[in-house]
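Peer 1: Below are the chains, spelled out letter by letter.
Number of protein chains: 2
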Amino acid sequence: MNKFGLYTKFIAHEGQRDTLIEMLLEAASGMESVEGCDLYVVNIPENDSNSIWVTEIWSDPSTHQASLSLDEAKVLIQRARPLIAGIEQIKLRPQGGKGI
Amino acid sequence: MNKFGLYTKFIAHEGQRDTLIEMLLEAASGMESVEGCDLYVVNIPENDSNSIWVTEIWSDPSTHQASLSLDEAKVLIQRARPLIAGIEQIKLRPQGGKGI
Numbered sequence: 001m002n003k004f005g006l007y008t009k010f011i012a013h014e015g016q017r018d019t020l021i022e023m024l025l026e027a028a029s030g031m032e033s034v035e036g037c038d039l040y041v042v043n044i045p046e047n048d049s050n051s052i053w054v055t056e057i058w059s060d061p062s063t064h065q066a067s068l069s070l071d072e073a074k075v076l077i078q079r080a081r082p083l084i085a086g087i088e089q090i091k092l093r094p095q096g097g098k099g100i
Numbered sequence: 001m002n003k004f005g006l007y008t009k010f011i012a013h014e015g016q017r018d019t020l021i022e023m024l025l026e027a028a029s030g031m032e033s034v035e036g037c038d039l040y041v042v043n044i045p046e047n048d049s050n051s052i053w054v055t056e057i058w059s060d061p062s063t064h065q066a067s068l069s070l071d072e073a074k075v076l077i078q079r080a081r082p083l084i085a086g087i088e089q090i091k092l093r094p095q096g097g098k099g100i
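Order-wise, the sequence lines are chains A and B.
Numbers 1 to 100, taken from the working numbering, label the letters of the first sequence in order.
Numbers 1 to 100, taken from the working numbering, label the letters of the second sequence in order.
Looking at chain A on its own, in the form it has when it is part of the complex (with noise of 0.2 Å):
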């Protein structure tokens, strides 16, 4: 197994984070064509009302580098950047498991 996973928290402006919700479920939408993005999971975390997590697995790591550089991609990233006050990552290796 080579699949490739990522937890990504957006801390959002104050205010910000609903906006930032719609946009991140724009990009999810967005994976649905996107070769090699098994998941893409736009969460809210239970008592953080400022942040967001998202849920990446992808069937290996170079098709995850590959989705950094489409176009959709990158107008995304300029479009939400004014609301993002902070981003953290935890990069996976999938292991195993149900529904991958």
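Watch out, some of these pointers could steer you wrong.
No copy is singled out in the list; a pair is fine if it fits within one copy or between any two copies.
As the list claims (entries may be wrong) - Dumping the calculated DSS-like pairs for lysine-lysine here, alpha-carbon to alpha-carbon at most 27 Å:
#1 Lys74 - Lys98
#2 Lys9 - Lys74
#3 Lys91 - Lys9
#4 Lys98 - Lys9
#5 Lys74 - Lys91
Derived from the structure by calculation, the hints contain no laboratory data.
Based on the hints, put chain B in the right spot on chain A.
Peer 2: What follows is chain B alone, placed relative to chain A:
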């Protein structure tokens, strides 16, 4: 959407991670027959040799809660406990995305 998500970080005692991974993969295969478990993925993080992250998505909070009282879950928790130095959890509410 009433789904429930969970990131669980297991910190293994020195030298015990591989054994703990095997147990969690066993738990994942047990989830194949568990109603409401959409995703249960065992991951190792980059740059952290003692930790494991498990990604879960459930159809709703109650199916997750019910799974904790399954005999298989209780037996596995007992077996795994001596290998575990610490546990951290991030509880999530999925808002949508690809793959769920």
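Peer 1: Within, between, both or neither: how does the pair Lys98, Lys9 come out at a Cα-Cα threshold of 27 Å?
Peer 2: The answer is both: 23 Å in one copy and 17 Å across copies each meet 27 Å.
Peer 1: Treating 27 Å as the Cα threshold, decide for Lys74 and Lys91: within, between, both or neither.
Peer 2: within (21 Å within a copy, 30 Å between copies)
Peer 1: Checking an output row: Lys74 and Lys98, CA cutoff 27 Å. Within, between, both or neither?
Peer 2: between (32 Å within a copy, 19 Å between copies)
Peer 1: For Lys9 vs Lys74, is the C-alpha pair at or below 27 Å within one copy, between two copies, both, or neither?
Peer 2: Within one copy only: 18 Å inside a chain, 31 Å across chains, cut-off 27 Å.
Peer 1: Is it within, between, both, or neither for Lys91 and Lys9, if the alpha carbons may be no more than 27 Å apart?
Peer 2: both (12 Å within a copy, 13 Å between copies)
Every hint, counting from the list given before, is met by this structure.
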